[in-house]
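Visitor: Since chain H is already given, all that's left is putting chain L on it; use the hints.
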Amino acid sequence: MHWRRLGINALMLLSMVPLYLILHSASWKQREEVRRSAPPGYTMPAAFSRVLAFGYQGLLSDYEFLRAITFYGDRSVKQVRMSAEDWDFFAYSLDVVTDLDPYFLDPYVLGEGLLTWDAQRFDTANALLRKGMEYRYWDWQLPYYVGFNHFYFLKDYATGSEYLMQAAQIPGSPAFLKTLAARLAYYGGKSQTALIFLQQMLAQSNSETLNQRMQKRLLALERAVQIEEALQQYRSDFGADPAALKDLVQSGYLQKLPPDPYGGEWGILRNGRVYSTSKFVDPKPDSRE
Amino acid sequence: MLKRVGALAVVTCKEGIRDRSLFGILLFALFVLGLNVAVAGFFMRDLGKVTVDMNLAALSFAGLLLVFFIGINLMAKDIDKKTIHLVLSKPFSRGEYIYGKYLGLVLLVVCTLALLLVFSTTTVAGVNAMYPEYFGGFSWSVYFWAVAFIGVQLALLCAIVVFFSAITTSSFITLVFSVATYLVGVSIEEVLFYLKSQAAAGEVAASETLRAVLEIVAWLVPNFSAFDLKTEAAHGLALEPVRLLTSAGYGLGYVLILLWLATLIFRRREFN
Numbered sequence: 002m003h004w005r006r007l008g009i010n011a012l013m014l015l016s017m018v019p020l021y022l023i024l025h026s027a028s029w030k031q032r033e034e035v036r037r038s039a040p041p042g043y044t045m046p047a048a049f050s051r052v053l054a055f056g057y058q059g060l061l062s063d064y065e066f067l068r069a070i071t072f073y074g075d076r077s078v079k080q081v082r083m084s085a086e087d088w089d090f091f092a093y094s095l096d097v098v099t100d101l102d103p104y105f106l107d108p109y110v111l112g113e114g115l116l117t118w119d120a121q122r123f124d125t126a127n128a129l130l131r132k133g134m135e136y137r138y139w140d141w142q143l144p145y146y147v148g149f150n151h152f153y154f155l156k157d158y159a160t161g162s163e164y165l166m167q168a169a170q171i172p173g174s175p176a177f178l179k180t181l182a183a184r185l186a187y188y189g190g191k192s193q194t195a196l197i198f199l200q201q202m203l204a205q206s207n208s209e210t211l212n213q214r215m216q217k218r219l220l221a222l223e224r225a226v227q228i229e230e231a232l233q234q235y236r237s238d239f240g241a242d243p244a245a246l247k248d249l250v251q252s253g254y255l256q257k258l259p260p261d262p263y264g265g266e267w268g269i270l271r272n273g274r275v276y277s278t279s280k281f282v283d284p285k286p287d288s289r290e
Numbered sequence: 037m038l039k040r041v042g043a044l045a046v047v048t049c050k051e052g053i054r055d056r057s058l059f060g061i062l063l064f065a066l067f068v069l070g071l072n073v074a075v076a077g078f079f080m081r082d083l084g085k086v087t088v089d090m091n092l093a094a095l096s097f098a099g100l101l102l103v104f105f106i107g108i109n110l111m112a113k114d115i116d117k118k119t120i121h122l123v124l125s126k127p128f129s130r131g132e133y134i135y136g137k138y139l140g141l142v143l144l145v146v147c148t149l150a151l152l153l154v155f156s157t158t159t160v161a162g163v164n165a166m167y168p169e170y171f172g173g174f175s176w177s178v179y180f181w182a183v184a185f186i187g188v189q190l191a192l193l194c195a196i197v198v199f200f201s202a203i204t205t206s207s208f209i210t211l212v213f214s215v216a217t218y219l220v221g222v223s224i225e226e227v228l229f230y231l232k233s234q235a236a237a238g239e240v241a242a243s244e245t246l247r248a249v250l251e252i253v254a255w256l257v258p259n260f261s262a263f264d265l266k267t268e269a270a271h272g273l274a275l276e277p278v279r280l281l282t283s284a285g286y287g288l289g290y291v292l293i294l295l296w297l298a299t300l301i302f303r304r305r306e307f308n
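Top to bottom, those sequences are chains H and L.
For reference, each letter of the first sequence is one residue, going 2 to 290 in my numbering.
For reference, each letter of the second sequence is one residue, going 37 to 308 in my numbering.
Just chain H, with the same shape it has in the complex (with noise of 0.2 Å):
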């Protein structure tokens, strides 16, 4: 009887283990692959959840940011491009996160940070901004983007400039700012706008991966900026812009066409700006544009 219980033990020992082992495996393997292809998932609209926090607005605000931040981290470490839908669920969030919580800064500017450059979506972002410009009417950071938005993306330099002065009249902000809208105006669509806006915002961040996005995006900004500088020699010496950009290295006024970061093609506008063909968004594996 005991050497019967006994060997049921150890069969149940040697055979349930690894079973257990194995299938414990296969599961959390399986999940990974679940969330790998998931679609976005789901936000309450900020009507429900507000009242479904009961009370804990601000902490439910935080953790559906960190659901956000984390959905674009997880697609951008797979190297998986966020889709237009993807981009839906992700501007939604922040839309809610600020319902939530209208004072929090980190969606504002993780929303300048991604919904204009990797989206695209000007409107978007200056909507979020100016939503938080209502609440956070002490912050001059916000007026500044969405005045960087006109500049740079929109070429609206009016409006651009209004929000500039508006940031700067705001008490506590930095002196730069009452000659940057001089200076942006004269610089316009030019990657020197991008270069002194990037700057900044990457003197403030602390956030880690946005901070290796934004240093790349400086690089690829600095290197476009360098080959403005010497198209403006070439374009004052010449009174006409080279047929290529090859040409400013052939004329000696470039020691070589630095590469861009993102594996583009450097190219001029027609408006004299310099652009490349990535336009310094990493490179995706499927088309989808």
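FYI, nobody ran anything at the bench for these hints, they're computed from the structure.
Note that CB positions come from ideal geometry on N, CA and C, so glycine has one too.
Keep in mind that the hints are not guaranteed to be accurate.
Said to hold, decoys possible - In silico lysine to aspartate or glutamate, EDC-like type, Cα no more than 20 Å apart, as pairs: (1) H/LYS257 / H/ASP242; (2) L/LYS232 / H/ASP100; (3) H/LYS132 / L/GLU51; (4) H/LYS132 / H/GLU163; (5) L/LYS118 / L/GLU306; (6) H/LYS247 / H/GLU223.
Unchecked claim - Listed next, with one range per pair, are the computed distances between beta-carbon atoms: (7) L/SER57 / H/GLU163: 54 to 62 Å; (8) L/LEU219 / H/TRP29: 31 to 39 Å; (9) L/ILE209 / H/PHE49: 42 to 50 Å; (10) H/SER28 / L/ALA216: 36 to 44 Å; (11) L/PHE78 / H/LYS156: 29 to 37 Å; (12) H/LYS156 / L/ALA216: 55 to 63 Å; (13) H/ASP75 / L/LEU71: 15 to 23 Å; (14) L/VAL249 / H/TRP29: 48 to 56 Å; (15) L/LEU219 / H/SER28: 33 to 41 Å.
Said to hold, decoys possible - Which residues of chain L face chain H? A partial, calculated answer using Cβ under 7 Å: (16) MET80; (17) VAL86; (18) ASP89.
Guide: Just chain L, lined up with the frame of chain H:
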């Protein structure tokens, strides 16, 4: 009379401290505070807001657990275990019993909150020292006001527990009624204002009756949002003294009415 009420309050509070679940609640709060230190780094700029959110949530949730699980037990035990006969055979009026029990619960809540506040202050100061440049709008005075109003909110909740204990016979029913009252009270403001804004926008026309019903509910149930200063504390927004006074007065008024009703009912009650 004051002496008797005070003695009962102290005994009730001591009995609550002896409850083992108190350690569980304190451990839970400490865990959240520790989690806060770990999680703060995930955010970009507003670390001060996240820290304050988590700290105040830990404090208020620990308080809720305390009132719902230990508080209700303290009230109901006397009736469940028939020890109330022993207490009422002493020279106590029934009104004194209600007030004593209530003050004991409040004392327990205040002691626990004070202890947790020490830990929470340490956490906030620690995270503040770790990331000083991301604590822009933070203000200690607003933070302490928010904690004080968590105390007011819990005191109100204690009164609700005492009231339902006085009129029901089982601690489980008291628990269900108190939790339900809390959930309604904490969300009524949001729902009412949402309906008002919807009505103003002309979107939902059929909800007139619903709104009328909710208006009546809002008179009966305390509006817990009035004591919620978490957003203000998270961003260091200015607090007007009038607002603090009004909220505190509103809470005190509600507590007094509830305790008065509880004594009225408790006096007529028969125990068997």
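Visitor: Each hint should be assessed against the structure and marked as holding or not.
Guide: Right, here's what the structure says about each hint:
As the CA atoms of H/LYS257 and H/ASP242 are separated by approximately 18 Å, the hinted pair is consistent with the 20 Å bound. Proposed proximity of L/LYS232 and H/ASP100 is supported: the alpha carbons are some 17 Å apart, at most 20 Å. A distance of roughly 51 Å separates the Cα atoms of H/LYS132 and L/GLU51; the hinted pair therefore is violated under the 20 Å criterion. For the hint pairing H/LYS132 with H/GLU163, the CA-to-CA distance comes to about 17 Å; that is within 20 Å, so the pair holds.
Restraint check for L/LYS118 and L/GLU306: satisfied, since their Cα atoms lie roughly 12 Å apart, inside the 20 Å limit. This hinted pair checks out: H/LYS247 and H/GLU223 have alpha carbons roughly 18 Å apart, not beyond 20 Å. At roughly 59 Å, the beta carbons of L/SER57 and H/GLU163 sit within the given window of 54 to 62 Å. For L/LEU219 paired with H/TRP29, a C-beta distance near 36 Å keeps the hint of 31 to 39 Å intact.
The hint said 42 to 50 Å for the Cβ distance between L/ILE209 and H/PHE49, and at roughly 29 Å that hint is violated. Judged by the Cβ atoms, the range 36 to 44 Å given for H/SER28 and L/ALA216 holds: they are separated by roughly 38 Å. Under the hint 29 to 37 Å, the C-beta atoms of L/PHE78 and H/LYS156, about 36 Å apart, fit the expected range. Separation of H/LYS156 from L/ALA216 is about 57 Å and conforms to the stated range, judged on CB atoms against 55 to 63 Å.
Taking the beta carbon of each, H/ASP75 and L/LEU71 are about 21 Å apart, inside 15 to 23 Å as hinted. Here the CB-CB span from L/VAL249 to H/TRP29 is close to 49 Å, well matched to the stated 48 to 56 Å. At about 36 Å, the CB distance of L/LEU219 to H/SER28 agrees with the hint of 33 to 41 Å. Hint status for L/MET80: holds, given a least beta-carbon distance of 4 Å to chain H, under 7 Å.
A least Cβ separation of about 5 Å between L/VAL86 and chain H falls short of the 7 Å threshold, and the interface hint therefore holds. Contact between L/ASP89 and chain H, as hinted, is supported at the beta carbon level, the nearest pair being about 4 Å apart and thus within 7 Å.
Going through the hint list in order, the structure does not satisfy hints 3 and 9.
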